[in-house]
Amino acid sequence: MGVVIIAEKCTGCKLCVASCPYAAIDMVANVATLNDKCTDCCACLDSCKVGAIVFEGTRRARETVDLSQFRDVWVVAEQRDAALLRVSRELLGKGRDLAGTRGHRLCSVLMGAGVRHLADDLFEHGADVVYLAEAEELERYRTGPYSRVLSELIVEHRPEIVIFGATTIGRDLAPRVANRIQTGLTADCTKLDVDPETGALLQTRPAFGGNIMATILCPRNRPQMATVRPGVMTLPERTPGRRGELIEKQVKLRKADLSTEIVKIVRGERRHVNLEEARVIVAGGRGLGGPENFALIEELAALLGGEVGASRAAVDSGWIDSSHQVGQTGKTVRPKLYIACGISGAIQHLAGMQSAELIVSVNKDPDAPIHRIADFAVAGDLKKVVPALIEELKSKAAGAAA
Amino acid sequence: MQFELTNEQKMIQEAARDFAQKEIAPVAAELDREEKFPAEIVKKLGELGFMGMTIPTEYGGGGMDTLSYVLAVEQVAKACASTAIIMSVNNSLVCYPLYEFGTEEQKKKYLPQLASGQKLGAFSLTEPNAGSDAGNQQTTAVLQGDNYVINGTKIFVTGGNMADYIIMTASTDKSKGSRGVTAFIVDTKWPGFKVGSLEHKLGIRAASTAELVLTDMKVPKENVLGTPGEGYKIALRALDGARVGVSAQALGIAQAAFEVAVRYSKQRQQFGKFISEFQAIQWMIADMAVSIEAARLLVYKSAFVKDTKKYFSKEAAMAKLFASEMASDVTSKAIQIHGGYGYTRDYPVERNYRDARITQIYEGTSEVQKLVIAATVLKEFAQ
Amino acid sequence: MRIIVPIKQVPNTNDVKIDPKTGTLIREGVDSIVNPEDLNAIEAALELRERLGGEVIALSMGPPQAADALKEVVAMGADEAYLLTDRALAGADTLATAYCLSRAITKLGDFDLIVCGRQAIDGDTAQVGPQMAEFLKVPQVTYACKLDVVEDSVVVERHLEDGFETVKARMPALVTVMREANRPRYPSMAGIRRACTEDVVHRWVATDFDAEPWRIGFDGSPTWVKRTFTPPPKAPGKRLEGTPRDVAKDLLKTFTEKNLL
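Protein chains in written order, with my numbering: chain A, 1 to 402; chain B, 403 to 785; chain C, 786 to 1046.
Hints in this document: simulated from the structure, not taken from any laboratory. It cannot be assumed that every hint is accurate.
[To be verified] Simulated pairs of lysine to aspartate or glutamate, EDC-like, Cα-Cα distance not exceeding 16 Å:
1. Lys364/A with Asp748/B
2. Lys1043/C with Glu357/A
3. Lys383/A with Glu298/A
Work the whole structure out from these sequences, hints included.
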């Protein structure tokens, strides 16, 4: 039962050795041989070009994995330029709850170069253990090296739950790792609960542009892996001076892990509008009447420290670049505050922004659908309301400065 | 009887809808307001094969059937009636007669450029004193050696100021009346060709309407389309096809106004209710839905008959008559449902209403369609 | 260049409406479309083919009617199309889907590049791309807003939350593209004719691409959907009346209270 290597067929090419995430294949007398680390994950099956590796039995037979040998909740910390992302701290808050419910430890994985000092930050936000992997090749995120280190750590320590921030890095890394260790992964969760008895992770996420929610389970495999949207979980209180166990991981990479290189990296350049991460979005639509009125929207957004969004109508009219588009065909956003100016509220726009925490609508048509989902609806002319808001904000800022 | 579109027809309809909604609809109001000819859009339509849809592929056309063409015009008209008529003229009044009546050399020379949108075509029959009475051509073409020399004034030429080539009629023998009319393929770069004034119109404002002034314009003999004296017949045959195109245009305009009006009725509240809950509005919606559907059946049927290569003048005239009258009625009701807002330029139904009006006039007025229908019916009852 | 583009047919979630009375999803009359970012992937592949020669092969997994999606991309210019369609594939999660697509790609032979859309609008997971890359043991670059081929590598401008990075990956490689990458072309008449007159979509069942039965469909999926539900409606909003100044003052007060400034 399980993975079997047919010695007669093996040509000794060693491709399977490289494919195994568990280091469970040794070459014995030039023939691939399984050692006792094999978990029947089947990652090696596709690597064999001569069909010498087969899986015997059924899926059910494979599901004899003893789920109880997996424990602890892991948060994969994300750093950029040696600074910790806010979402990582948010995840520690959630991770603490989950670990508490299970009576397990909360662990965090920290990968990078010169990032050791961030371990204290992780401890102070709730981590009991930090696995630290430092290497020059890990300085900047690359799929190959990061997935190598993380999957090795998971195989070694067998966590029950692993969560990532649903960022451009987390969503690149998590699926690669989930596949390498052949377990389930749920993307963009907005809610996580754990069954205190079985450890089953209930992963809730939106689908159909937020029109429905789905709760996903990963019943037969461990670890259970999920990415979580930034800004969804509450930031935990920091406990200064709190410390835990720091475990260092030796980084050994393979040649195949290094098949990409970063040629250039540009931070902070407003090349692309960062609507997904924005706390505040001020958006304009057809009611602006023309591209020139986006100046008002931009000014308000700047005063609120937010980004500029737009409806499809405004983008299609060529008033603003499509990178600003919010909605079904544009971006799905979840800011704390969304101010919709001159947007009627077509269903496809609503799909992209209705989960904003606080929605303000300004539209002179009192029947505009946007008003119906707004927390504060202003049936007025945006060309008057927005300047008034700008003026109030400015005078408030001036008052605070004085 | 089969009411289901083929896969190919569905794909063309979808492609046309997608292009029209994404590329044309967002700018349609501006094109109308500024009376701006949609040259860029027409070029793109040509690249995709929409400017010579029924022309066989060996001449650079789309090789599609007439129903596919009708489906595409309908979708384009839903977004912008002006673009739809430019498309219809190039397909029905330029490419089609060239293919049907042109010599092999003419087809090889002109069709690939016209069907691919690299060059734009126009059709010029109407004159100040030859409207419904189109056989009464005052423009003359006199044979001198190897050339015809054309003199006269043509009017109401859709895209006449933008076209590269024009199918133009002139009298080569006034004594023969309409049987003395000859059709020519005219290159607008030739000396003696001049664009006169442009009309300012109620609707289809983005489709320019030009006056053409011809002064001793020399046209080589080989540019006669068909045979001398066959021009009026060619024009009528082309107009039969164009009526199918215009009926599809009317259908698209009406469908656009209808959809906007229905949506509006479900958003607008008066007396504490959505106006769609009032029977007065429901009756209008029902009437609009029925007449659009009836027109659609006539229009698609006329396209079908045309493809069977049977005589289709009656079907084309019926489709055009009914669809154009329907479009004026439906767009008017759409404004009514909108109330005061519908009368403003903030809502597209105002443009739809203005655009619909022309469909009762060009490619033969409603009255002319009735003459055609009656004449055919009476002939059918001949002893 | 041999480029594979996996695509997905999805319901047009733009058309998805919620029944205001029951709060459930109305799925009738919702068209099926090619996932929008998959069209960007096709466009990127076609542009590379136009510049460097080669072929673009579209691949999809789904019910028989997903052939329509493949026909659409053939009408745009894809050279070949394969549909993995088999009842045994139903219920697949991202891992089982990625497994099938990768097996089919292996069956199709050598390739230089796989281009995918970043994510599908019905699920928004963005997982199938990277999971395929892992199955095929090739490097991946996700969130591409620009890509180019230079010698034996693909050079990708990769979108980040706070900027962008340029990543070079040795081919064969897998890239997922965002809608910012390009403007997908429209199907042409010639393309539509080709998509309809030839039997362009090759249909494969699980055994045609040597899929192992225990790794496909529901059985091969580690994740299961426990339940779906509609999110609870929000509390009704409030209308703000008065002069623009009054309204502005009201709003500012709320923003301050909610610590939004």
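Structure-based check of all given hints:
The straight-line distance between the Cα atoms of Lys364/A and Asp748/B is roughly 13 Å, inside the 16 Å bound, and the hint therefore holds. Simply put, Lys1043/C and Glu357/A have alpha-carbon atoms about 10 Å apart, close enough for the 16 Å limit, and the pair holds. Proposed proximity of Lys383/A and Glu298/A is supported: the alpha carbons are some 13 Å apart, at most 16 Å.
The structure fails none of the hints (numbered hints given earlier).
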